[in-house]
Structures are given as C-alpha cells and as structure tokens.
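*Asks:* Keeping the supplied structure of chain A fixed, place chain B upon it in accordance with the hints.
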Amino acid sequence: MSPLDLDTPPVLPRGADGEGSVQVQLDPSMKIDTAKVFAVYGKGGIGKSTTSSNLSAAFSKLGHRVLQIGCDPKHDSTFTLTGRLVPTVIDTLKEVDFHSEELRPEDYVYEGFNGVKCVEAGGPPAGTGCGGYVVGQTVKLLKQHHLLDDTDVVIFDVLGDVVCGGFAAPLQHADRALIVTANDFDSIYAMNRIIQAVQAKSKNYNVRLAGCVANRSKDTDEVDRYCKTVGFNRLAHLPDLDAIRRSRLKKKTLFEMDPDEDIVAVQKEYMRLAEVLWNGTEPMAPESLPDREIFELLGFD
Amino acid sequence: MKLTVWTYEGPPHVGAMRVATAMKGLHYVLHAPQGDTYADLLFTMIERRDHRPPVSYTTFQARDLGSDTATLFKESCKDAFDRFQPEAIIVGASCTAELIQDDPGGLSESMGLPVPVIPLELPSYQRKENFGASETFYEICRALSAPVERTPEITCNILGPTALGFRHRDDVVELSSILESLGIAVNVVAPLDATPADIQRLGVAHFNVMLYPETCETACRWLEREYKQPFTKTVPIGVGATRDFIAEVKAIAGLPDTVVDDSRLRLPWYSRSVDSTYLTGKRVFIFGDGTHAIAAARIAKEEMGFEVVGLGCYNREFARPVRACAKELGLEALITDDYLEVEAAIEALQPEMILGTQMERHIGKRLGIPCAVISAPVHVQDFPARFSPQVGWEGANVIFDTWVHPLVMGLEEHLLHMFREDFEFHDDAGASHHGSHTPAAQKRRVVEEKTDTPEPVIKDGVTWLAGAEKELRKIPFFVRGKARRNTEKFAVEQGVTSISIETLYEAKAHYAR
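Protein sequence lines, in the order shown, are assigned to chains A and B.
Quick note, the first sequence lines up with residues 1 to 301 if you use our numbering.
Quick note, the second sequence lines up with residues 1001 to 1513 if you use our numbering.
Okay, chain A solo, but in the shape it has when bound (with noise of 0.2 Å):
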C-alpha cells in the first residue's frame, strides 16, 4: 500500500553513471578495503591468465599474500598456479542449491604457487546469463569468508569481452586497471576500447588505469606510438618466447621453469612490473581515440 509516487525519476546527464550504463552504485559492504586490488584485461587470447598468473608469482615472491579471481566462464585463469582445472565458484555454488551459506573456504579456494589463492569465478553457459552476478557472488563469498581481510594483492583477471557485465563487475572492485597488449593493430584496437570502457567506470568508481603490458612481442614500436598519443604508459614489455607457451603446457609459472637465460630475464620483468604496481602508479586518464584515427595512426587505412 505505498502511495502513488508522483515525483518523477531523476534524468541524469547522459553516461553520469557510465557508457549508458543504469546499474546501481556498488553495495558499500561489498567494497574490498584492505587489499590492492587490480583488474587485467585485454583482448581475448592476448595472454591474460599468463599475465595475471605470473604477476600473481612475482607478488607473491614479493612475499605479499596474493589472491587471483578468474573471472572467465572458460575457468583457466589459474590453472598454472594450482596445476589443474579447479571447480569454479558457480560450480560449487550450484551442488548446494545457491545456499551460500553452506560452503567453506575450502570449497572453492585453492593454494596455488608459492601460497597464491586461487578462485575461478565461472560463469554461465556461453550465450546465457550475466558473468557480473558470477562476479558479484564471488566477492560476496570471499567477503562472507574474511578471505580477503587477509590478503595484500587482488588480482582480476578479466574475460575478453568489453560488452559483458563481467567484464564491469571487476572494475566495481579494482583500484588499477591493467590492459594486456600486443604489438598489431587488433590487439591496441581492443586496448583502446578497453581504456573507453574503463574511463567511464572511473566517473563512478575508483578504478584508475595503471598502464599496459606488451606481451608476445617482438618490438612495442605501435604500443609506444598509441601510448604516446593518448597518453597512456606502458609498464612491461615482455617477448614472444616459446619458454612462456611451454609453461602453460606444463602448467607451470614461469617461476618454476628451468632458468635458462631467457627465463630469467622474463621472471625480472614480471618482479619488476609487480613492485611497479605494488609501489603504486600515477592514475592515468588516457584520451581513447575515436576509431577512425587510430586506424588512422596505426596506418592500416
């Protein structure tokens, strides 16, 4: 029996709560306070879960406690951390009927490398549901837990697509945004999709973009082009080494490969791009292109 509501709703500037976006502010309880907290994205199979998995190594090493969130339905994030595909969040979620309150830590973290917890969100069946819920009741779990009281370093790492909510949800918790990239034109034209997306998160939250890592390249000549006219900053550059692929397929990080030469110089930059970010980075507000001019830029018109 409430009354007639005559007021009528509020109109909002158009993309004040993000790109067309309507969706609430985040749930205060739901805020990840204690911990650093990153979110690493880039266009699919441009080495995300390799990023966040090594990174997650490097922190660790570092000797902070580190917990890496999958958030891809395809639920590999973590699995050269553990050595296997773990049941994800909603897996186990779904054997006790939604009744969260059922389950322990225990029951969907699982130590990894060097103490790394490892979660993987899952998802939905490709081409239903939302993975932001999948997301959403991930950190609710980890909250409910206290998992993350006792955590220095979040890790994120983020399906490729810019369109899904969980692709957003992450950013709701995310202090700095890291964007995966490699040296062509598709994968910097994702990158600058991705810095758009992030961007008009950052009105409503306190996400800020850390920078890129150009990963699987040779050179970063069209990284460093792109970064210098948007004014964005590259943080990393890792090379297209074969000893990176053949440490997936043992389910390893590369901390745990054999130190040839180039392994070691690899573990380096990885360490070094984690005390980068664990020191802190200057927030940045990159200027996205409009499509035309980065192709344009890119010379492929």
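Please note: incorrect hints may appear among the correct ones.
Here are the simulated lysine-lysine pairs, DSBU-like style, with alpha carbons at most 30 Å apart [as the list claims (entries may be wrong)]:
| id | chain 1 | residue 1 | chain 2 | residue 2 |
| --- | --- | --- | --- | --- |
| 1 | A | K61 | B | K1074 |
| 2 | A | K140 | B | K1482 |
| 3 | B | K1024 | B | K1233 |
| 4 | B | K1233 | A | K94 |
| 5 | A | K74 | A | K61 |
| 6 | A | K143 | B | K1228 |
| 7 | B | K1074 | A | K143 |
| 8 | A | K252 | B | K1228 |
| 9 | A | K36 | A | K143 |
Facing chain A, according to a computed beta carbon distance under 10 Å, are these residues of chain B, among others [stated by the list, open to error]:
| id | residue |
| --- | --- |
| 10 | P1123 |
| 11 | Q1126 |
| 12 | R1127 |
| 13 | Y1138 |
| 14 | V1148 |
| 15 | E1217 |
| 16 | R1221 |
| 17 | R1225 |
| 18 | Y1227 |
| 19 | F1318 |
| 20 | A1319 |
Read the hints as simulated data drawn from the structure, not as lab findings.
Here a beta-carbon is modelled for each residue, glycine too, at the ideal position from N, C-alpha and C.
*Replies:* What follows is chain B alone, placed relative to chain A:
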C-alpha cells in the same frame, strides 16, 4: 525471507548480544528502535541472568528519523562509555536500524574513544542468530588478540560457549574436568565469562577446543591461520564422541595413548541391566542445530540402539555435515527453518519419540508424541539449577536420563489409558490407598459417557463407526496414528466405506501378515 510466527533463530544482532552478554568488560552499542529492546528479556527471563545484557540501545523513535539519528548514535556511544567504562565496545545496527544506513562503525571510529571499538557488519536480512554470534566473536578475536608467546606447558582455549546457549555453562565445567584429567590446563574460555584482556592472550594456548562450531568455527579457523593454533573438530557429545574427542586432543597435544578414565560414565550400568533391551529399536526423529543433531543421531544409533527415522537441522551453515550423516543412516536430511515443515515431517513419520528443540517439544505435544530436548532454541527449563551438561561422561549420563524418561513415561501413560475404563481404576474410583473404592456420583458419569461417545468421523470417504473409534483408543497413543492410517488405507483398498470393529481387526491381521 518469510513471515513466521515462531523462528528457530533470531536476527544476527541477537547473536551479537549473546556474545556481549556472555563476556565481561565488553559493551554493545546497538543502533535500534525502541521495540528492539525486547531481546533483553531472553537473557533475564529465560536464562535468568542476574543482570541485564550490557547493551545500550539508541532507541530512536519515529520523530528522530526526521532529525539526526547519527548524532543520537554518537551520544549513546559516549553515554555508554562514560557510564559502564568498558574495556572494549562493539557497535552495530539491529535489523530495523540497518535500513537507515547510519554506519555505526564509521561514526564510532570518528569519536576517538580511548578503548577499542569493534564495528560489526551483520547482514540482518540474509543471515541469522548463530551467524551473528560467530561473526561477532570472530571480529572480537581479530581486533583484540595479539601475538604472544606460548605457555611452556600444554594449554588450550575452550571456544564457543555464549549466553543463552543450550547447557553451555555446564558443558564448560564438564569439559574442563576432562581436559584437566588429561593434564591440559585451560587458558581461556571464551566468549563465556571472558574479558577483552582474556581475548588478548588467546594465542598463549597450544590449541583451541571448538566446542560449538555454530558460534566459533570462523574464529577457530582464523586463529589457526593467524597463530597456527590447531583446533579440535569433534564435539564430545555422547560416549563415542567423547572418546574420539579425547583421542583427538591427545594427538594434537602429543600425549601418549593411555587408558581413559571413564569411571563417571553410568551408561554401561544401564546396558548391563536385565531389562535394558525394551527400548531397543524405538523410532526417533531428530531435529536441532547441526552440531547437536549430528551428535544425537550418533548416540541414538550407536549408543541407545534406536532407529533414526528422520534427521535435520535449521541452520543452513551446517546443512552439509547433517546431509552426510543422514545419508549414512539411509535418510534424506530435512534442512529447513520452517517449523511447519518439521511438524509435517514428524506427522508423516509418526516416530515413537522426537529429539528436538523446544519447537519440536510443542509439535510433540500437539501430535501426542513424547519429546526430549537436545538443542537450542532454549526454554526456561533448559537452564536447570542442577548440573546437567551435554558433553563428556556426565553429559552422556544426563542425555541418557533425558531421552529415556519420555519413553518410560509414555509407557506409563499407555497403561493409564489401558486401564482407564477398568472398574477398579476408572477416573472416579478414587485413590486405592484411601480405602474408599466407592464410585463417585453416577450422575456425572452418565453425562461424561454421553460426551465420550465419539461422533462418527468421516475422512476421505471412510466413516469410523463409534465402536471402532472407541476400540482405536485402546491402542497405545504412540502407534495410534499409524493404526488409524493403516486401517483407513485397508478400508479404501477393500472398498469398505465404514470402519467397524471387525474392519479394524481385519486390517490388523492384514498388516501383520
């Protein structure tokens, strides 16, 4: 969330109150409207405590909502500190106050009180009392405990007992004496009777005894991570569980596996008694909190020789072990916080005894099935003056008495029913030792007989004739329901529409075959 008349658990802030009330030197500032102060009565009237809970309510009213409830909260906080001078304060909101979103944690932090202030975030509309207690105790441990050096000798903490718990006070005494007999000193019992200073030195102990997982599992797990204190997983309720618990403690403490002194245990005395088997195979239905329900199932099956026909719990946090336990017994666990569902299950199963909470005791009364109480939610009679623990040897003795008496009394009642119409023992016969066997006034009896004549009862198209209905009453009440249902089923199968005495006996013969 459902609307209900009775609930097994209160909202989470009641759990926080149970912890605050159990402790000493701790004060709880609760942002709550006037009506929420009712919870005080649970502690003073049911548990009969000698003081009101150490809780200051902000008791905002409708008119405060128009002004400044945040200032009201801060003033209550300051007043509480000035008046009670606690060593530490916990702050939070009741379910009603959560809606106005004043953030008691942030407000109290900004006040700069000279004692630790611990904010509680309890999701009132998703979780319940046990979670509230568990979470509050965890937050207190987290905020107040400090890294300290271990004692040279082996010591432990007993964690979990709270105010308003089912026999918690006596369990602590019994458990301490068992630990003492093993040569293990108790460092701190918490929350019950612990001060914030006691919490500070939890880390001194070598391990923790998780007495009630419902209220302390979160804290035990954190203490294990933070101070590397292992914790016991067996809850020593029942003879077998007590033996397992002692073995577990010995393994943790690295003690030799010597013979256990169980001289206080009286169960074997009963087992050896001549008529001990007449309770064997009794069908029991078990419902309570997860921990007590699982313990009761084991005792019922392994120690009493009962048949467990139903098992369940109301707290979903412990649904999984209960389900596993039920599966072992070949049952499907009943996990619900709706007492009407429990009642329906009991009615369908027609057990000979219920082992439940006070809620099931009411159900038992309605259905005419005896019930022994094994778990919270508590009732004033669960706080007896005499020593009556549930854990350890004495606990096993107490449980034995508690469970056997309703069954023995049940038999007695059956005998009373059977002889009710005997010329010597009828209601008006008067006591035999008075030497007066003259029946009282016949007049009243006639009237009674008139009202006593059962009206033909029609159910599912089957009519019970008066004679059959009367005969049915001679059947012991604890199997009467089953006899009635079987007879009706038989009648329907035979195409008989009215049940006479003959039908009743034919049905009896049919099912005996």
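*Asks:* Evaluate each hint against the coordinates.
*Replies:* Results of checking the hints against the structure:
1. K61(A) with K1074(B): violated (45 Å)
2. K140(A) with K1482(B): violated (48 Å)
3. K1024(B) with K1233(B): holds (27 Å)
4. K1233(B) with K94(A): OK: K1233(B) and K94(A) at ~26 Å, within 30 Å.
5. K74(A) with K61(A): holds (27 Å)
6. K143(A) with K1228(B): It holds: about 22 Å lies between the C-alpha atoms, which stays within 30 Å.
7. K1074(B) with K143(A): Holds, at roughly 27 Å.
8. K252(A) with K1228(B): With a Cα-Cα distance of about 29 Å, the restraint between K252(A) and K1228(B) holds, given a limit of 30 Å.
9. K36(A) with K143(A): holds (15 Å)
10. P1123: At about 7 Å, which falls below the 10 Å cut-off, the nearest Cβ of chain A leaves the hint on P1123(B) intact, so it holds.
11. Q1126: holds (8 Å)
12. R1127: Holds. Min distance 7 Å.
13. Y1138: Holds, about 7 Å.
14. V1148: violated (19 Å)
15. E1217: holds (9 Å)
16. R1221: holds (8 Å)
17. R1225: Interface hint status for R1225(B): holds (7 Å vs cutoff 10 Å).
18. Y1227: violated (13 Å)
19. F1318: Hint on F1318(B): holds, closest Cβ of chain A at ~8 Å, below 10 Å.
20. A1319: Constraint on A1319(B) satisfied, holds at 5 Å.
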